[in-house]
Amino acid sequence: MTEDPYRWLEAIANRREYIRNQLAGGSPVFAVSLAEGILLLGVGTGQSKVFEVFDRQALAGLGHPADLERIRQSIIDAAHLEGFTRAPEDVALRRLVGQGLGPQLKAAFEQIFAPPFLIRLLLAEVGPTPASDVLVKLGFDGSFTLHPGGVVVVADNPERESAIEAQLATALKNTSGVPNAARALLVAWHQLQSGPAAIADPASADLPTLLDALGERTVEAALLLRSHDRMARYAALDPARLGFPLRPSQHTAL
Amino acid sequence: MPRPFPPPPVPTVAGDFFALLAQHQLAPVAGDAANAPVQTTATTVFAFHFAGGVLVAGDRRATAGNVIVTDRVEKVIELDATSLLAIAGVPATAFEMARALRTSFEYYRRSQLQPLSLPARVRALSRALRDNLALTLQGVGVVAPLFAGLDTSASPARPEIFFYDPLGAQFQAVGYAASGSGAGTIRSLLSYHERFGSPPPAQLELPEAVRFALRILMVAAEFDSATGGVAPESARFATLKVLTASGIQSVSESDQQRWIA
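Protein chains in written order, with this note's numbering: chain F, 30 to 283; chain X, 54 to 314.
Source of the hints: derived by calculation from the structure; they are not laboratory data. Possibly wrong hints are sitting among the right ones.
Simulated restraints on C-beta separations [unchecked claim]:
# : chain 1 : residue 1 : chain 2 : residue 2 : range
1 : F       : P157      : X       : Q76       : 30 to 40 angstroms
2 : X       : E149      : F       : P132      : 24 to 34 angstroms
3 : F       : A95       : X       : F224      : 38 to 48 angstroms
4 : F       : P187      : X       : E127      : 44 to 54 angstroms
5 : F       : T199      : X       : E258      : 45 to 55 angstroms
6 : F       : D119      : X       : R264      : 34 to 44 angstroms
Glycine included, every Cβ here is placed at the ideal spot set by N, Cα and C.
Produce the complete structure using the sequences and hints provided.
Here you go:
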C-alpha cells in the first residue's frame, strides 16, 4: 500500500477520520490569559484533564487517557532535562512543542500501520504580562498553532472552536477576576457540550447553577500564577469556588 | 514499524529523575580529586524547633583556606514547597546536590501526580551524599547538610529536622541540629537553652526565635573565623527560613533588623 501514493493518501485520510470519530464527544478544555495568570479549565469524569508540566508550563487535553498520559510524561521528561542541563528559565513551550512534541506526533500520525494518538492538547506558558503568555493548540497530527495570550479552546471539533473563542473573548473583555473568567469558561463548556447535563440558558446562570448542572462530572481548574515567590507557578483551584488557589506546587490535581 | 514515542523504559522506580538522567547520560560524574586546589567551604548552618515550626538558619560566609571568598552565600535552599536544605561544606558539590534534588522532587511530583514522601526525600539526600563518596574519601567535596521537611502523613502536618554525616548516614534531630565549623558553639548554646532556657527554643514565637538564632550566630562567629556572623549596623544578616505546617516562609532582612533590636 505504501508504494502507491494514492493509497497512502487515502490511508492518511481514513486515519484522520478515524481519529476525529474517536475524539467526538470529548470534553473541551480552555485556557485564558488574565492579569492574575493563565486559567486552565476542563470538565471530566474521573480522569484528570489539567496538568502541571514545569515551573511556568501546564497542559490540558482531551482524548484517550493512555495517550494523554504518554504525551504528558514525554513533555515532563523533556522539560525537566532542559531545566536541569540549562536553567529552569530556559524551558520554553515554543521549543518543547516545535522541536519535540509537534514533530513526534506528526511522525506517529503518518505511521499508518501503528495505532495513532487519540488526543488534542492545549499547552500554556505564563509570562510576566498577559501579552507575553504563550498558548498552544496541538493536534493529533502534530500541527500546532501559537497564540500570544488571549483565550484558547480545544474541543473535539476544531471547526467549533473559533466561534466559542470569539464569544469568550467578548465576554471576558467586560469582566475581571478568576471566578468570573471561570464562570465564562463553564458557560462556554455547556454551550459546546449541550448534552443531557446542559442547562437551558447557561449564559444567564450563576456559578453554583453551572456547577450543579455538571452532575457526575467534575471541574478541574488551575492557575499558572503570573508572579509568585516560588519558581513553580502552578496552583490548583478549589473546584467548589473556582477562585481560591490552593497552595502552589503542593497540589497537582484536584 | 516503531512508533516515534518508544515505550517508556521500565524505570527501577517510577518518577526517578536520576534514572532519567542516567538514561540520557547526563548524570553528574565524580572527577579525580588529585591536585585539587584549596576548596571553598561554607559554614555554619543550624535548625531548631520553635513554637510555630522549624527555623533553619545559615551564615553567609564562604572561605577558601584563610581567605574569605564572599559574605553573600545563600546556604539555606528551598528544594520544594515543603523541603529545606542547609548546606555546610563544599558549595561546588552542595549546590549541585541541591539542584539535582530540587529537580528530582519536582519531577516526581509532576510526573507521578503526588509529592514525594518525607522518608523518600530524606533518603534521596542520603543517596546523593553516598554517590559523592569517592570525593568525600579523598577529602574533596565534603558536604554535611541539614534537611528540614514537612511530614504530611501526620495530622496536622509536622516539620522535622534531619542531619547527615558526609557518608550519607541520616539522623533525625529531636530539638535541633547544626553543621559546619561553627556548629560546636551553636550546639552548645542550643543545648544550654534547651535545658535551662526560659522559655526553651521550642516555645519561642517567631520574632523571639529569629532574635535567638541571630544572637547564637553572632556568638559562633566570635569563635570561628569561617562563620560570617551577623552585623546589624552594616545590614549584614543571616539566611533564615521557617518551615511550618503551611509551607516555607523566608525571614526578610528588614524583619531580622526589626526583631534583633
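Go through the numbered hints given earlier and state which of them the structure violates, listing their numbers in rising order. No hint contradicted; all consistent.
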